[in-house]
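Protein chains in written order, with this note's numbering: chain S, 2 to 400; chain V, 2 to 400; chain X, 2 to 400; chain C, 2 to 400.
Rather than coming from a laboratory, the hints here were simulated on the basis of the structure. One or more of the hints may lead you astray.
[Said to hold, decoys possible] Mimicking DSS-like on lysine-lysine, the simulated pairs with C-alpha atoms at most 27 angstroms apart in a straight line are:
1) Lys279(C) x Lys279(S)
2) Lys267(S) x Lys279(S)
3) Lys279(V) x Lys279(X)
4) Lys180(V) x Lys117(V)
5) Lys279(V) x Lys267(V)
6) Lys117(S) x Lys141(S)
Quantities reported herein were computed from a predicted structural model and do not represent experimental measurements.
Protein chains: 4
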Amino acid sequence: MSPDVNRTGLFLVGVRGAIGTTVLHGIEAIRGGMPKIGLVTEIDGLKDCGWADVESFAVTGWDVCGNAHDSAENLVRTNVLPRDIVDMSGGVRDRLEMSIAPGIPEPEDEGGVDNKSADLLELPLTEVLAQLRDDICNWKSSERLRRGAVIYLASAERDRDMLPDGWYDSDADPLELLKTAPRDLSRSILYALAAICEGVPFINFTPAPGGDLPAIAGFARREGIPLLGNDGKTGETLLKTALAPMFRDRNLNVMAWEGYNMLGNKDGAALEDPQRAKAKLRNKDVVLPSILPNNPMMHSGVSINFVPSLHDWKTAMDYIHFEGFLGAQMSLQFTWHGSDSALAAPLILDLVRIALRAQDRNEGGPVHAAAAFFKSPLEMEEHDFHRQMTIFRDWANRD
Amino acid sequence: MSPDVNRTGLFLVGVRGAIGTTVLHGIEAIRGGMPKIGLVTEIDGLKDCGWADVESFAVTGWDVCGNAHDSAENLVRTNVLPRDIVDMSGGVRDRLEMSIAPGIPEPEDEGGVDNKSADLLELPLTEVLAQLRDDICNWKSSERLRRGAVIYLASAERDRDMLPDGWYDSDADPLELLKTAPRDLSRSILYALAAICEGVPFINFTPAPGGDLPAIAGFARREGIPLLGNDGKTGETLLKTALAPMFRDRNLNVMAWEGYNMLGNKDGAALEDPQRAKAKLRNKDVVLPSILPNNPMMHSGVSINFVPSLHDWKTAMDYIHFEGFLGAQMSLQFTWHGSDSALAAPLILDLVRIALRAQDRNEGGPVHAAAAFFKSPLEMEEHDFHRQMTIFRDWANRD
Amino acid sequence: MSPDVNRTGLFLVGVRGAIGTTVLHGIEAIRGGMPKIGLVTEIDGLKDCGWADVESFAVTGWDVCGNAHDSAENLVRTNVLPRDIVDMSGGVRDRLEMSIAPGIPEPEDEGGVDNKSADLLELPLTEVLAQLRDDICNWKSSERLRRGAVIYLASAERDRDMLPDGWYDSDADPLELLKTAPRDLSRSILYALAAICEGVPFINFTPAPGGDLPAIAGFARREGIPLLGNDGKTGETLLKTALAPMFRDRNLNVMAWEGYNMLGNKDGAALEDPQRAKAKLRNKDVVLPSILPNNPMMHSGVSINFVPSLHDWKTAMDYIHFEGFLGAQMSLQFTWHGSDSALAAPLILDLVRIALRAQDRNEGGPVHAAAAFFKSPLEMEEHDFHRQMTIFRDWANRD
Amino acid sequence: MSPDVNRTGLFLVGVRGAIGTTVLHGIEAIRGGMPKIGLVTEIDGLKDCGWADVESFAVTGWDVCGNAHDSAENLVRTNVLPRDIVDMSGGVRDRLEMSIAPGIPEPEDEGGVDNKSADLLELPLTEVLAQLRDDICNWKSSERLRRGAVIYLASAERDRDMLPDGWYDSDADPLELLKTAPRDLSRSILYALAAICEGVPFINFTPAPGGDLPAIAGFARREGIPLLGNDGKTGETLLKTALAPMFRDRNLNVMAWEGYNMLGNKDGAALEDPQRAKAKLRNKDVVLPSILPNNPMMHSGVSINFVPSLHDWKTAMDYIHFEGFLGAQMSLQFTWHGSDSALAAPLILDLVRIALRAQDRNEGGPVHAAAAFFKSPLEMEEHDFHRQMTIFRDWANRD
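Bound-form chain S, shown alone (with noise of 0.2 angstroms):
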């Protein structure tokens, strides 16, 4: 059959995972007209912008593990999907089990990963690549999709060592680099790739590193690919850009801002590892340094900590400390509780929306604009979220 004119694919890798499992029941919940609350393209100012219809997404992707209708009931117990949105989609989750492909596992994962995905890891890194485009291949096929796009989910890995020195140069060909990579090469290298030589954009929403080697960065532009990331920005990092400009305008001297995360779910347990933890935090840890004048008496700390009752609900609570007129001092505290899913999910759909606009107009390579989505921004130094939005504001807006 012919791609559908209207049809877009996300290709989640981690699709079982809470955030996976609450872009395909928001889809399904916009699709019964529920509002798009949380959607930054839906805003005034930006909504008529022309955007893709999220009603012609059409959710499927990688895992390792679990099972769709697992996920689900998880998050209607905590409080996150509703009930009765869950009850409806009944189908659409069989339909989405049947078109998952097998992920690549981490070698640390052991356990809890099922044997087709273990298989993968048997493979030279050549091969995955060539399996992981396959799999869109066979999706755009067989879901009749014009469009789509590989958005990176998986939880937070491991810091690994430098890369072979290529891998920054980024008229390098990566498809060469690849074929002597190191054997624990981040797999979000592999789905960037595969993403690249199929013509979908790369979406990079964790702190993985995928999309931001030069290699691949250059890549990207030559083939006008889009790249969008990296490591979404939805709470306590959120708060900090949109707060600490004030304290720069200000002119309030910070002393310190001590933030404390707490997070339940098995993105939580994945940051336990130090190992895992040290990309995240240092995104986080990046943030204020850019945005506050020049203070080597900052202190500023960040740490995320395992709370498993909590769940999906990340609570952040942060104490900052700062000096006014005459030295007097100062605090401003603040509890951030929000579910970690319903934050994220949202802006994948406005990721999607932004990465096939960009690739309409042959944006290829980095994304500057989605900056304000990111803890990271590729190649960019703007943390300010006002900034940020500013800049995203003008991009959409233009002809």
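Mind docking chains V, X and C on chain S? Use the hints.
Below, chains V, X and C without anything else, positioned relative to chain S:
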């Protein structure tokens, strides 16, 4: 003696109050080399715009009671002013005391008003105005001031009835209107008129109407005198206007924003009177609807409690209940703890600089570019702090 | 049919309200094996005191409007009642609906009152009492109940004038007084009298006066009927009475304790009316002075705001400003976020158990040992929660 | 000269530290008539128990570095000590400086240790003990002290390996064990031994082992010398032990209690070293499981961060996630902001009073009645603050 080329007079209404006292000592501290923390005009991108030197500012003004030395001691005791700066500024306070002119009391200021101030209540309003103009003239000459600004810092006054129609006509002559004005006319109007007549800008840091009335604004425009106001934005409202844009831009549905303010100083005591709190609460309450999309279901509450033990340390606790994707219920809460005077005083110095610059550019009437400094900016609908700062940066960097 | 040896009737005033609905479903859930979280009588040191079985409780009562099914659905939607318990209890609600008797409306309950309830407003008070007694008799016989208790859960009522002197005389006969009582007599008094006359304990979980008047207390004492009340201690006040002893015992000088309560349910809406909020605020405000040493300078404020989006989730933010050694200024602040109904319902089950035990022991009149459960315990000065619990443990473990 | 009947020596280990400095000035302030805020022995029901006069306390002690004048100035700058008390106590500090003896450094205290203290590191432990005993003798005689107490206030020390078996035997002679003790023996043991040998009580306000070892406790018991400790309970742990009983008594299921501590003083700096933080965190973490019913699923985390700008003002933010009736998810969070030294210093005065009373009653060995003052009370399982206070009240009021 001829005026000193560099000296600018700050004519503070309520000069012995906590903010006035902090302004006075702040200028001394800056003279002594303390960093200019808290001055907006000193941040990167603004500090090189050629503002007037703070060191050239000379403080005097009106008050109805009190003693500058006691005010300073109070602010040391409550950890607002450093002991050493107060100790070294005794001579400056002595000199200030000699120059202070009697202020216009409010009719409800029973007792606690010095005799000379009380006498002003007996005079016709036109004679009161003449007296205020004389005060400005005398200061200019005795202090050898080339320029000046009247800064209105009096306690919140009770809400008044509408004035006769003429006051809402920008072509009317307020000096004519004054002849038949009600006896309890807001004092802020008299001080504004005195400033305009004497050719110095008028800065209204309180919720009083002065400067906001079309007849005053029109008069100032015709005379080429800048008006800045109303109601300094220093704490909870600052945070609201810095944070609400984040909710708007992320399309999160704010269902309730409840703000609880505690304050223990003279201003807090005045606000115990519901009639006096009215205008302030109105200013605080208007900012959210102006930033967030029209949501008739949004509940927003603001209260101010007088908590004597806090003295100058105003503490605000806000609870924001919002809805995300698929109806997920989330919350943000914050506690802001800061010194009212230490937050306000540096802004007074900024506003004088801005007023002088506006006067140099012949910008008579309300100065829209100063909106970021006020809860209820004159003739301005924009309450988003970040957009206000963009407007201010553009204005300040204009040739 | 003869009464069932084990069955106890819970006659709830306001049985279709949020607390009543949670009590009803809670008993079903406990029957189904759910753990008895939240029941004080189930903790170590108390659980083996031979209380009545919760499984033997049968719920019915009075109400002036509403529908039990709607109430249950509302509590599912707001994450108070689990969906499965509500789904499995449809038959129980059907049966409840058939047994509910019309309640006595408040004169200000314009509209929204069903016809049969409205009719009660037309009757002389003595006839209303007779009707309530009939209701109890009928339930006992139709439901085969051996014993029972009336539990007053109606919305906060507006503060009333003093009653005629007789009501404050513990030797007076309230049934005589009723004949000439004012038409707008608090409904709580009528329900209390009906309970005493029918030989069942009366539990007052609201700020209404029922049970608190000497004439009622004396009557109950003479009749050997236990009275428990007033005003359930479930949230902010519980915390106050648990925390204030720490400040007292560490000799820290509490200068201000400001409490801000937000509530979105029917009770919250009723408390929007300052006349209705009065008694509740008084109860909340009295506990601190009773625990902390006499400090005329202490400022203590309590407010309750109706924030509709919170529904049943009452949220309290308290700020405590205290002074330590050598005048050091310190603070504690807390935010309590809990479901009003889920906090109250298990205490209702506890109180019925306690009431039955007291009746078995022939303890007529106010039961002092239940003080830990109430904001304004009957005839008790002790508000320290920990001391109240010691009293309760001793009482419960007495032979 | 013969000892003064009324004079008691406070021999502080770390006498120039923040707590020591606050104790010193606090006694002077009380002599000058300041109220005894923060002293537990001054509350109703305890103040008439015939405690020693604070005015009769004379402070001296050991330290390895620093200067009493600088310490006092630091505490003025950070708003802990009032300027006037520090100004009037210059002579007292001069006299203190002359009496201070060299302290025993920790091996890791590289640099920053004065020469005389460094010399102690070269001596055999038995000679160090002899030196400490001499110090006590000399102070007693030169200051004409009738009695005294050694109070251990040194910085948290790193966690050490188990000691040889003998130390865990209450019948062993610690003076014998000392001869073959490891060179890096906790200094707290040496100070405890010196106190016991010289017949003065030993109070351990830190997480160090001194007083906790069976060999020391047995020796003290045989000698009739009171031991009080360990680890003063002044902030977050105090709150935990005051609040957890409420959750226990209301049968609310605490699923997570996460505590985040920020501290900026010398103690905070020492705790940056994970080896030093270990014992303190262990003490803080043990209290919850001891109060709350056994719940293997409860997650409880405690961390301490060094935030230099806070100086002495320790700030704790705790998040408590709990489950109520039918699984309702609720939370309590609090922020405690207090001066470490101002919280601790009055307790030191209390503990000296208690130690003297215990000695008068010939209560040698661990004083269980002082449990309410410590995170890890010697030989006591009871952590419920309110029960600890009941024990203390009973003990204090015993004849």
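Given the proposed pairing of Lys180(V) with Lys117(V), does the C-alpha separation stay at or below 27 angstroms? 23 angstroms, holds
Given the hint that Lys117(S) pairs with Lys141(S), test it: the Cα-Cα distance must not exceed 27 angstroms. Holds, because 21 angstroms separates the two Cα atoms, which is no more than 27 angstroms.
### Message
Please verify whether Lys267(S) and Lys279(S) have alpha carbons no more than 27 angstroms apart.
### Response
16 angstroms, holds
Proposed proximity, Lys267(V) with Lys279(V) (alpha carbon, max 27 angstroms): 16 angstroms, holds
Straight-line alpha-carbon gap Lys279(V) to Lys279(X), limit 27 angstroms = The hint holds at about 23 angstroms.
Check: Under the criterion that the straight-line Cα-Cα distance not exceed 27 angstroms, is the pair Lys279(C), Lys279(S) satisfied?
Finding: 23 angstroms, holds
In this structure, every one of the numbered hints holds.
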